[in-house]
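Colleague: Keeping the supplied structure of chain A fixed, place chains B and C upon it in accordance with the hints.
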Amino acid sequence: MKPPTDRGSLALAAYVYAVLAFIIVPLVIVIPMSFSQNDYLTFPPSGFTLKWYSEYFDSRQWRAATWLSVQVALLTALFASVIGTAATYAMIRGRSRLVTAFQILLIGPIIVPHIALAVGLYLFFQTIGLSGTIPGFVLAHTVLTLPFVVFTMAAALGKVDANLEAAAMSCGATRFQAFRLVTLPLVLPNLVSSALFAFIISFDEPVVSFFLSGVRQKTLPRRMFEDIEQNLTPVIPAIATLLIVLSILILLGAQVLRSRSVTRIASQ
Amino acid sequence: MMEARRSHFWRSDGRRLSGLSTLLLLLPFFALVAFVFVYPILQLLVISILEPHPTSENYARVVENPVHMRVLLRTLWTATLVTALSVVLGFPVAYYMSRAKGTVAALVAVCVILPLWSSVLVRTAAWSFLFQRNGLINSALMSLGLTSQPFKLLYTQSAVVIAMTHVLLPFMILPIYGALRSIPSDYARAAAVLGATRLRTFLEVILPLSLPGVVSGSLLVFLTAIGFFITPALLGSPQEMMISTLVSKQIREVLDWPFAAALVGVLTVFVTLLAVIFSKTLRFDRLMGNAS
Amino acid sequence: MDIASARQSASGASIRISGLEKRFGAVSAVDGVDIDIAAGEFVALLGPSGSGKTTILMSVAGFEFPTSGTIHVDSEDLTYVPSNRRNLGMVFQNYTLFPHMSILDNVAFPLKMRGLRTAERHARAEAALATVRLAGYGYRRPNELSGGQQQRVALARAIVYQPRVLLMDEPLSALDKNLREDMQLEIKRLHAELGITVIFVTHDQSEALTMADRIAVLRDGKIQQIGPARQLYERPANLFTAGFIGEMNFVDVAVQSVGDDISVALPWGETWRLPATAAVEPVAAGEAAVLAVRPERLQFGAGSSGQVIAVTLSDIVYAGAALLLIGRLPDGTEMRARIPGASQLSSLAPGDVASFAIPPEAMLLYRGERQ
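Chains as they are written, first to last, in my numbering: chain A, 1 to 268; chain B, 269 to 560; chain C, 561 to 931.
No lab work stands behind these hints, which were simulated from the structure alone. Quantities reported herein were computed from a predicted structural model and do not represent experimental measurements. It is possible that part of the hints are untrue.
[Claimed, not checked] Restraint ranges, calculated between C-beta atoms of paired labels, are given here:
1) B/V314 / A/R97: 24 to 32 Å
2) B/S416 / A/P32: 38 to 46 Å
3) C/K737 / B/I451: 32 to 40 Å
4) B/Y455 / A/S9: 14 to 22 Å
5) C/K737 / B/S450: 32 to 40 Å
6) B/S450 / A/A64: 41 to 49 Å
7) C/P608 / B/R468: 45 to 53 Å
8) B/F303 / C/R576: 50 to 58 Å
9) A/S9 / B/S416: 47 to 55 Å
[Claimed, not checked] Computed footprint of chain A on chain B, listed as stretches where at least three residues anywhere in the stretch have a Cβ under 8 Å from a Cβ of chain A:
10) 396 to 403
11) 527 to 536
[Stated by the list, open to error] Beyond 10 Å from chain A on every Cβ pair, some chain B residues (computed):
12) R284
13) Q311
14) P334
15) S416
16) Q425
17) H434
18) V461
For glycine and all other residues, C-beta sits at the position ideal for the given N, C-alpha and C.
Only chain A is shown next, with the shape it has when bound in the complex (with noise of 0.2 Å):
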């Protein structure tokens, strides 16, 4: 294709910059604004100043909000990782037909609206003392992440000839072995991407955390939907602003492992 050069392409170019700008720009006009002096959220902003973030940094609250989100987005990537790759491996080199379950149940989680299953954890929580503790976070997150490690481990693991695996044993390694010396390795890139993945969805997991909350034990996307609720301090932009760059990294860690990983699959 040649560059556009006539007026239908250039249209075209205007109209996708500005759909651009509009998805964009609320991102962006956080991170200014998080280095405002003023106490109310007002535009432009004025001045810089960098007292919002040590207002959020030098919070209890906040800072407790922010390890326990911390704490149940490590566990998740780690239990999700896990669970995940271990069912995609059963689904693509397994027999069974609780394959097709498994494909099926899978996708409820995305379907499913996540006001449902929040209020449905919410309650079953409560009776079994769930409610507001760690492991209860970690499985409601488990839960649902596991449909987005799946997805990148399929594809993944699709890609790895089935034959290096029945080479290998062969060759004289035991199933687990021909796994863990040949597969895991071509696969680890995205292994870990995929929990990078489910870390970052925990971490900004805001509805189930809403209902599984409890009155001490609060995320930190619970404490911002209040904070954003009652009085939006100008904390909040500086929190956004933080989040951004989180999630920027968590990208750019994804696309470096992404690849390394096409060209290591890719070369045999």
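Modeller: This is chains B and C only, laid out in the frame that chain A set:
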């Protein structure tokens, strides 16, 4: 035959796992989903028809009360509007993205993918800053002299629609982009060689072939929009609730569990039916790997 | 460097496949196959796709469990032994080198699985690489090697632990033609050097004919014929093999009488007397039969002996070493002839009627009708 099948259960033949290993590897997944997904949802459905006693009255209250009916219709209307806006805004972006190369392509991809992986709360909060009485939009309108009085933007249904469109737009763009990318570029060239104008080529070749992506994206956006909670809860008006905010209110303020369960039941059955009907076209995996 | 250690392999093992059956649902992929393979023999399994040849190999390798039947290597029953405990060498179609390991680690992998120490692993892997003429390539990565080199590494990996049997699943089909011929000779040389028993699956008949001591021709999960190349080519046991191996002309005939010789009626009314030895399968008077002749056995002109046919030529193709003449018999049956060094025939043109003689010993008679 039975002999062979039994042997496959206990033994791996090298290329395929044995049935037993398949079961063991899937077991943690099934246990988790049964415990944390299937059971809680079923429990709600059971409550909705058994409490306070075996009854259909919880569901009757959803349809017979005009206030609740309006919530249902508003939810459907909002989801439809958000879906339509997403197609109109998203398709050209997906099309442009599928043709872009190099830096431009990377830039567009970042603009689409970064929001997808950033917090919904961050995006909703950003809109609440923009929509404030003295926020960016009102300041801009007033400094341009278009209005002397700030508009009331926050806590309106328009705010909800705009912010939800913003949040869900990547769900539309990525499936359409995936469909467009899978059209061999030879098709457009062939159509051009055969004498079609660019517009005809687009209308008669590209558009029909990208339709599965449009359907898939529309379903994703619609299904997500229908149960969306955060954005309506933070930007919407308490007088104009959506089904999710109504559920939340029933549980947190009214404590009417059976009715809340019935609302969740309506929502869950509706989206499940839609997903089953369109199960062939839904391509969730497009959201992950095939984007860049 | 101790090259000898990779070569001083124990001689090959004998393999006995008996009553092998593999069903997938209602479909029989392998349907009652018996093959006895002598120690050190090179056997090719040849057949079209879906003939069951790969399934047989996979059953020997342990990647398929048969529905019934047994597989013995020497006298040990391996039918249901897991593949990793069979101690067989295997080469796959698509190289299957581990892309994240160096060439040396790839070749040393089977030794690692057998618990050898690093130093010895590397020494023996180097030796195996030398055996396949890739000494010094050990520190490269698989993607830095050509397809032919990768397949030689796969070969080194399969023989490094001195297995007594080497299984090869269409190992050359991913290579281009010249490389394939080099590799055929390389594999033959290794087979001779190591004395290892080889089962080689291929759909390429010339590859099978060139390389194997014996060839098993398969179709629909059944062995059609098993024997040395010459026997398969010169006296195919049935119509399928006759048509599958090499080029063959077929003419439908009716058997009139069977005695010291066999008289058959040809479609255009002639009656020929064939020697009794022409009948590969027993035929009876009054039955339909098929007369088969290889194109290169036709002699141009009304020759000294045998039957003479008149062929109306439709195509004359210059094919290098030979001239290929294609035409029709009086009843319309297609007939091909390959006449070597036939530059004197340059005057022939399509539409001409040419005479060919068929020597009696070139004629083969089968039951049934042309397919």
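Colleague: None of the hints should be skipped; say for each whether it holds.
Modeller: Status of the hints after comparison with the structure:
no.: 1; hint: B/V314 / A/R97: 24 to 32 Å; result: holds, 27 Å
no.: 2; hint: B/S416 / A/P32: 38 to 46 Å; result: violated, 26 Å
no.: 3; hint: C/K737 / B/I451: 32 to 40 Å; result: holds, 36 Å
no.: 4; hint: B/Y455 / A/S9: 14 to 22 Å; result: holds, 19 Å
no.: 5; hint: C/K737 / B/S450: 32 to 40 Å; result: holds, 34 Å
no.: 6; hint: B/S450 / A/A64: 41 to 49 Å; result: holds, 47 Å
no.: 7; hint: C/P608 / B/R468: 45 to 53 Å; result: holds, 46 Å
no.: 8; hint: B/F303 / C/R576: 50 to 58 Å; result: holds, 53 Å
no.: 9; hint: A/S9 / B/S416: 47 to 55 Å; result: violated, 40 Å
no.: 10; hint: 396 to 403; result: holds (count 6)
no.: 11; hint: 527 to 536; result: holds (count 5)
no.: 12; hint: R284; result: violated, 5 Å
no.: 13; hint: Q311; result: violated, 6 Å
no.: 14; hint: P334; result: holds, 23 Å
no.: 15; hint: S416; result: holds, 17 Å
no.: 16; hint: Q425; result: holds, 18 Å
no.: 17; hint: H434; result: violated, 6 Å
no.: 18; hint: V461; result: holds, 14 Å
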